[in-house]
Amino acid sequence: MADLKNVVTAAIRTFKNLLAPLLILFFLCKTLALINKYCWLLLLSFFEYKRISKDVYKCNLLLAKLSSSVHKERNVLSVVTKDSSKEKCYLKPTSHIGEIEASS
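In the numbering used here, the protein residues as written are 7 to 110.
Honestly, I wouldn't trust all of these hints.
As the list claims (entries may be wrong) - Restricting the straight-line Cα-Cα distance to at most 35 Å, the calculated cross-link-like pairs of lysine-lysine (DSBU-like) are: (1) Lys43 <-> Lys11; (2) Lys22 <-> Lys36; (3) Lys22 <-> Lys11.
Calculated directly from the structure, the hints in this document are not laboratory data.
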């Protein structure tokens, strides 16, 4: 009976000694997984932005040349073309809206 009590006591002591490192490892893995997830989302959104901005930026200057009025609000170029249709394009942060407005 004493042997069984010693075995149970040793098992409980071992479990207590391993619990803290296992919890630390668990939360470290969860944190790394979360960081990994958001890093991938950030990376994918960057490449998606580059793809969209490259395609859309091509139309901005052409639309500005065809337009009768150009308005810029928060990186959105609103163009009213000569046939009164409205177009919206997203600007690159580095685009020169002053030059585009001057050409209309």
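35 Å limit on alpha-carbon distance, applied to hinted pair Lys22 and Lys11: 16 Å, holds
Hinted pair Lys43 and Lys11, Cα distance within 35 Å: 47 Å, violated
Distance restraint between Lys22 and Lys36, which requires alpha-carbon spacing of 35 Å or less: Holds, at roughly 21 Å.
Checked against the numbered hints above, the structure breaks only hint 1 and satisfies the rest.
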